[in-house]
Amino acid sequence: MNQIDQHATLRAAHAAGARIQVWRLRDYTDSSADGEWGTLAGTAQFTCPAHLHRVHPDDQPRAQISSVDV
Numbered sequence: 017m018n019q020i021d022q023h024a025t026l027r028a029a030h031a032a033g034a035r036i037q038v039w040r041l042r043d044y045t046d047s048s049a050d051g052e053w054g055t056l057a058g059t060a061q062f063t064c065p066a067h068l069h070r071v072h073p074d075d076q077p078r079a080q081i082s083s084v085d086v
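Those letters in the sequence shown? Residues 17 to 86, per the numbering used here, in order.
Incorrect hints may have been included.
Restraint ranges, calculated between C-beta atoms of paired labels, are given here [unchecked claim]:
#1 Asp21 <-> Ser47: 28 to 34 Å
#2 Pro65 <-> Asp43: 18 to 24 Å
#3 Ala24 <-> Asp46: 32 to 38 Å
#4 Arg27 <-> Pro73: 14 to 20 Å
#5 Arg40 <-> Ile20: 20 to 26 Å
#6 Ile20 <-> Thr45: 27 to 33 Å
#7 Ile20 <-> Asp43: 18 to 24 Å
#8 Thr45 <-> Ala24: 28 to 34 Å
No lab work stands behind these hints, which were simulated from the structure alone.
Even for Gly, the Cβ is constructed at its ideal location relative to N, Cα and C.
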């Protein structure tokens with residue numbers, strides 16, 4: 017069965033040197049909107065759905081990516 021790699025754009029950006037961020041919920045939150053973007057350290061591990069990751073806004077030109085927010 018064929019599967020689409022929803023993180024392919026993020027992997028390419030990371031390989032090009034861009035920082036990858038993940039949406040993290042704050043402690044004791046009542047809503048998924050109550051969170052903040054945090055930069056992943058080291059090797060980017062994509063354990064969450066693609067829409068919870070993004071290229072750091074300052075790194076998008078370096079990664080030559082116009083939009084990775086899914």
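Note to self: Quick check on a hinted range of 32 to 38 Å for Ala24 and Asp46, using CB atoms only.
What the structure shows: holds, 33 Å
Notebook entry, point to check: Within 20 to 26 Å or not, the Cβ separation of Arg40 and Ile20?
Noted result: holds, 25 Å
Check: Do Arg27 and Pro73 keep their Cβ atoms within the hinted range of 14 to 20 Å?
Finding: About 18 Å separates the Cβ atoms of Arg27 and Pro73, which means 14 to 20 Å holds.
Checklist line | Supplied distance hint 18 to 24 Å, evaluated on CB atoms of Pro65 and Asp43 | finding: Holds, since Pro65 and Asp43 (Cβ atoms, about 21 Å apart) stay within the stated range.
Note to self: Given the hint of 28 to 34 Å, is the C-beta distance from Asp21 to Ser47 inside that range or not?
What the structure shows: holds, 29 Å
Check: CB of Thr45 to CB of Ala24, is that within 28 to 34 Å?
Finding: Given a distance of about 30 Å, which is inside 28 to 34 Å, the answer is holds.
Next item on the list: For Ile20 and Thr45, compare the CB-CB distance with the range 27 to 33 Å and indicate the outcome.
Entry: Taking Cβ atoms as reference, Ile20 and Thr45 lie about 30 Å apart, which means the hint holds.
Margin query: Holds or violated: the 18 to 24 Å window for the beta-carbon distance between Ile20 and Asp43?
Written below: violated, 33 Å
Comparing the model with each numbered hint stated earlier shows that hint 7 is the single one that does not hold.
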